[in-house]
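A.B. asks: Each chain, letter by letter, is given below.
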Amino acid sequence: MTGEHPQSAVTAVEAAFRRAAAVGAGADELNLLLWTDRDRALADARALDQRGDRAGALHGVPYVAKDNIATLHLPTTCGSRILEGYVSPYESTAVRRMREAGAVLIGKTNMDEFAMGSSTEHSAYGPARNPLDPSRVPGGSSGGSAAAVAAGIVRIALGSETGGSVRQPAAFCGVVGVKPTYGRVSRYGLVAFASSLDQIGVFGTSVHDAAIALEVIAGRDAFDSTSAEHPVDRYGEAATTSLDGVVIGRPREYFPDSLDRGVAARCERALEALRACGATITDVSLPHTALAIPVYYIIAPAEASSNLARFDGVRYGLRVEGTDGLRAMYRTTRSRGFGAEVTRRVLLGTFVLSAGYYDAYYRKAQEVRTLIARDFRSVFRGGVHALFTPTVPTPAFALGAKAHDPYAMYLSDIFTATANLAGVPAMSVPIGRVDGLPVGGQIIAPHFDEAGMFRVAFALERALGAEAHR
Amino acid sequence: MAVRLDDLRHVMELAHLELPEERTAELLAQLNDILAHMEELRAVDTSGVPPAAGVGDAPLPLRVDEGPSVPLARPLAAFAPATRDGFLLVPRLATHEGVGNDASGDDA
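From first to last, the protein sequence lines stand for chains A and B.
Each residue of the first sequence is one higher than the one before, starting from 1 at the first, in the working numbering.
Each residue of the second sequence is one higher than the one before, starting from 1 at the first, in the working numbering.
Do not take every clue at face value.
[Stated by the list, open to error] Partial list, computed: chain B residues near chain A (C-beta under 10 Å):
#, residue
1, H10
2, L17
3, E18
4, L27
5, Q30
6, H37
7, M38
8, V44
9, P61
10, R63
11, R74
12, L88
By construction, these hints were calculated from the structure, which means they are not laboratory data.
Where a beta carbon is used, it is the ideal one built from N, C-alpha and C, also for glycine.
Make the full structure from the sequences, and use the hints.
C.D. replies: Structure representation (structure tokens):
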């Protein structure tokens with residue numbers, strides 16, 4: 001990527017801010033960027049230019065990060081009132097690695113509050129809009145990051161995944177979105193939602209941009225004991241046009257009769273392109289796929305109810321004093337600080353963990369999660385190198401269309417939550433449009449085979465060419 | 001119906017959350033609607049299937065019980081109105097004014 005950015009870091013950062021203004025990224029229009037500090041970003045860029053060397057893989061490249069990733073100088077509010085004005089005293093490992101690679105942070109992006117949502121409508125700072133059609137959602141929960149890339153403000157963005165929060169908005173906005181293997185990227189400084197599912201992911205305008213960004217942030221980190229020792233491959237070097245010898249599974253559960261016909265047609269065209277690259281396409285079955293949503297919506301809220309207990313008015317951000325001592329202060333602070341969706345999920349999670357219900361819900365969900373993980377292990381051990389599926393069953397929906405039906409919104413994650421539950425890497429790449437709206441194709445690979453996943457993505461991107469965006 | 005009004009009130013107490021009465025009824029309906037979709041899990045035979053204990057094939061790595069010191073951008077004293085003996089002192093609740101020892105933290 002450095003070779004494609006001959007201009008100075010200052011020029012690149014100024015261009016990003018100019019583009020943000022031109023597309024209306026602010027609160028009154030698309031509402032993509034929550035917090036920016038132009039002077040600091042320019043100062044960082046100036047320092048890079050003065051340093052002279054261009055050694056970093058992302059030297060002088062402006063980027064944005066989701067608002068649940070800790071940064072030193074911009075607020076980290078998770079799109080919530082309860083953290084309004086909160087500035088972290090330390091930075092996340094991913095942001096530190098981006099800085100050390102020469103990337104310049106220009107802003108924090110809008111998101112569903114505490115990453116709970118699939119549309120970026122559940123932000124305390126107002127909904128974000130899809131730059132390709134402002135009457136539609138950009139997807140979520142990392143909607144602001146996906147949209148910032150789609151709008152051409154930046155080429156790279158950081159987001160986070162718990163059940164599809166990078167891949168789903170990437171599909172809705174027509175950009176590349178990657179969820180790495182659980183443990184591939186340090187979660188240090190990522191505000192916890194559901195710790196057994198959370199991963200920081202990347203967005204890119206192209207497969208190469210996303211590959212380089214992941215290469216920069218991946219790898220073991222002493223601050224996160226769940227980060228893996230596994231070596232980091234050179235994902236950017238996986239670029240190929242040939243998939244000779246590669247076996248790609250087409251899981252029948254991801255192509256139900258109810259699938260949007262336009263999405264189904266784009267997927268079949270993408271499979272055809274993969275076949276033309278030399279890949280063998282084979283039908284496979286992941287029989288527990290349909291159970292992913294009930295399992296996910298038990299486990300994620302359960303973990304969230306514990307993780308979000310720390311927001312109590314004592315340690316962070318908002319504090320609303322009650323009239324009746326400490327517990328009343330906790331209650332009033334949390335009740336005023338959390339929005340409707342976070343409240344709903346914290347109560348759901350508390351319920352499924354409560355005495356008398358734990359075995360029926362939480363334990364059962366963890367058992368079925370084992371079956372979902374076994375589905376993946378079984379197809380990958382059977383000689384399949386990667387899976388290809390639609391990322392989301394439909395293109396981007398209209399703002400407000402699912403706002404009053406929580407479960408309808410949850411179903412938006414039906415093809416993405418499985419990879420989080422199994423911990424495998426997955427990514428969404430643009431594969432065409434339906435009525436002008438982008439469609440994403442999902443590539444899923446075995447644990448820590450991001451290089452194999454990128455290889456398929458590179459080949460697909462080159463085979464589809466301009467067709468991926470029309 | 002999986003959740004009754006009493007259950008919801010109990011769970012709200014556990015989670016330190018409160019809601020106006022009209023929202024409680026709406027939330028009760030929503031939670032029951034969501035939990036109705038979870039019922040399909042009951043039909044899955046999981047006898048002999050262990051609950052997932054982690055992600056992936058490898059167990060979580062163990063480390064020695066010490067870690068690198070966390071690099072902070074601001075001194076410890078900047079985290080709270082006051083500190084004492086390395087502890088943070090947070091604002092006293094208005095309802096507890098005058099109760100117990102002085103916690104003004106004037107040695108911060």
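A.B. asks: Does the structure break any of the earlier hints, and which numbers would those be?
C.D. replies: none
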